[in-house]
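Input sequences plus hints: build the corresponding full structure.
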Amino acid sequence: ELGTKKLKDFKVNQELNGTVTAVCGAGANVEIGAEDTAFLHVSCIQDDFLMDARERLQKGDKVKVWVKKIDHKGMKVTMLESQREKKTIAKGLRLARMEEGEMLGGEVTGVKPFGAFVNVGAEQDGLLQVRNINEGLIKDLNKILRKGDKLLVKVKSVSGKKLNLELVDTLPRLPKVDGFLELKDEPLDATILRQISPSSFLVEVPLPGSTADPVVAYLKDDWTMEEELKEGDMITVLVTSVD
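Add 214 to the 1-based position in the sequence shown for the numbering used here, that's all there is to it.
The hints are simulated quantities; they were obtained by calculation from the structure and are not laboratory data.
On a predicted model such as this, the values are computed, not experimentally measured, just so you know.
Note that the Cβ used here is the ideal one computed from N, Cα and C, for glycine as well.
A portion of the hints provided could be inaccurate.
[Claimed, not checked] Below, in silico cross-link-like pairs of lysine to aspartate or glutamate (EDC-like), each with a Cα-Cα straight-line distance of 16 Å or less:
| id | residue 1 | residue 2 |
| --- | --- | --- |
| 1 | K278 | E229 |
| 2 | K368 | D285 |
| 3 | K301 | D285 |
| 4 | K278 | E295 |
| 5 | K370 | E313 |
| 6 | K283 | D250 |
| 7 | K364 | E396 |
| 8 | K357 | D427 |
| 9 | K375 | D339 |
| 10 | K225 | E418 |
| 11 | K444 | E418 |
| 12 | K222 | E349 |
| 13 | K376 | E418 |
| 14 | K375 | E314 |
| 15 | K301 | D383 |
| 16 | K287 | E249 |
| 17 | K290 | E321 |
| 18 | K282 | E349 |
| 19 | K370 | D339 |
[Said to hold, decoys possible] Pairwise CB distance ranges (calculated):
| id | residue 1 | residue 2 | range |
| --- | --- | --- | --- |
| 20 | T302 | S424 | 30 to 40 Å |
| 21 | R270 | K300 | 38 to 48 Å |
| 22 | C238 | P412 | 48 to 58 Å |
| 23 | E445 | T233 | 39 to 49 Å |
Below you can see the structure in the form of C-alpha cells.
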C-alpha cells in the first residue's frame, strides 16, 4: 500500500527507510511513503559491480536509501551514501547564465530573520528566504542555520543581481516530529506565533514530556474561529498529520 505524501514533500539527500516492492535486473521499486514508488538503479545498490539487482535484493526487503533525484518522471534513490549530491561550491558561476531549477552547492555567509545569504560561487550571494525553508515552519532561523553551513540549493529565480534560492536538502537542526505520531487527535497546548491568513496561523507546539525545542506547525483554515486570536495566545490544538 502506497503512502500519501507528494514527491514535492521530499528533499534531495533525505534519508528514508523503504520496502522493496518489485525487482528486475535493472533495479528495484521501493515504497518510501510516497504516492508512487521510488526507483533504485542496480548501480546504486552496492559499491562493487552488480550485474543483476536480483542477486542482492528481493521483494519485501527493508532498505535504507537516500533521495538522489526528483523530477517529473519520479524519484530516484540510492543505497550508497557516497552517491549523495555533493554540496561543493562551483567556481566562476555567473548570475546571467544561471537557469531556474539549477542545483548548486552553497555555504551560508549570513543569517537574518527573513532568510539566509548563501555563497554559490557567483559574483553575488543568493538569498534563501525563510519561507523556502521547511515550508516556512521556523520560529528562529538562527537555531536552524549557521554561518559556514554547507547546503544544497536550487535556483528559484534570477533578476539582475538578485538570486533567489530554494533549499533542496534536509537540515540536521530541524526539531524532530516523530514523537507526535502517537499523539494524533490528542489535545495539545500551543502558542500562536503569527497569523498568515484570515484563519490560518503558525503555532508553536511543545512535545509533552520532552525537553526538546517546540515544533512550529500550521493551524489551518478548516476550523471556525469563535474569537480573534493574536500572537502569544495559548490555545488547544489537535495533531491531524505529521510529515
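Hint by hint, here is what the structure shows:
In summary, the hint linking K278 to E229 is supported, as the alpha carbons are separated by about 7 Å, within the 16 Å threshold. Annotation: proposed proximity of K368 to D285 holds, straight-line Cα distance about 13 Å (limit 16 Å). For the proposed pair K301 and D285, the alpha carbon gap of about 19 Å is over 16 Å, so the pair is violated. For the hint pairing K278 with E295, the CA-to-CA distance comes to about 10 Å; that is within 16 Å, so the pair holds.
Pair hint K370 plus E313 holds up; C-alpha atoms about 9 Å apart against a cutoff of 16 Å. For the proposed pair K283 and D250, the alpha carbon gap of about 14 Å is at most 16 Å, so the pair holds. With a C-alpha separation of about 33 Å, the suggested pairing of K364 with E396 is violated against the 16 Å cut-off. Straight-line distance between C-alpha atoms of K357 and D427 comes to about 10 Å, which keeps the hinted pair within the 16 Å bound.
Pair hint K375 plus D339 holds up; C-alpha atoms about 9 Å apart against a cutoff of 16 Å. For a cut-off of 16 Å, the pair hint linking K225 to E418 is broken: about 23 Å separates their Cα positions. Among the hinted pairs, K444 with E418 is consistent with the structure: their alpha-carbon atoms are about 13 Å apart, no more than 16 Å. The suggested pairing of K222 with E349 holds, with an alpha-carbon distance near 11 Å, which does not exceed 16 Å.
The suggested pairing of K376 with E418 is violated, with an alpha-carbon distance near 32 Å, which exceeds 16 Å. Among the hinted pairs, K375 with E314 is consistent with the structure: their alpha-carbon atoms are about 14 Å apart, no more than 16 Å. This hinted pair checks out: K301 and D383 have alpha carbons roughly 10 Å apart, not beyond 16 Å. Using a Cα cut-off of 16 Å, the hinted pair K287 and E249 holds, with the two alpha carbons roughly 13 Å apart.
Among the hinted pairs, K290 with E321 is inconsistent with the structure: their alpha-carbon atoms are about 25 Å apart, more than 16 Å. Under the criterion of a C-alpha separation no larger than 16 Å, the hint pairing K282 with E349 is inconsistent with the structure, at around 21 Å. For a cut-off of 16 Å, the pair hint linking K370 to D339 stands: about 14 Å separates their Cα positions. A beta carbon spacing of about 36 Å between T302 and S424 agrees with the range 30 to 40 Å that was offered as a hint.
Distance hint check: the CB atoms of R270 and K300 are about 25 Å apart, inconsistent with the given range 38 to 48 Å. As the Cβ distance of C238 to P412 is approximately 51 Å, the hint placing it in 48 to 58 Å holds. As the Cβ distance of E445 to T233 is approximately 43 Å, the hint placing it in 39 to 49 Å holds.
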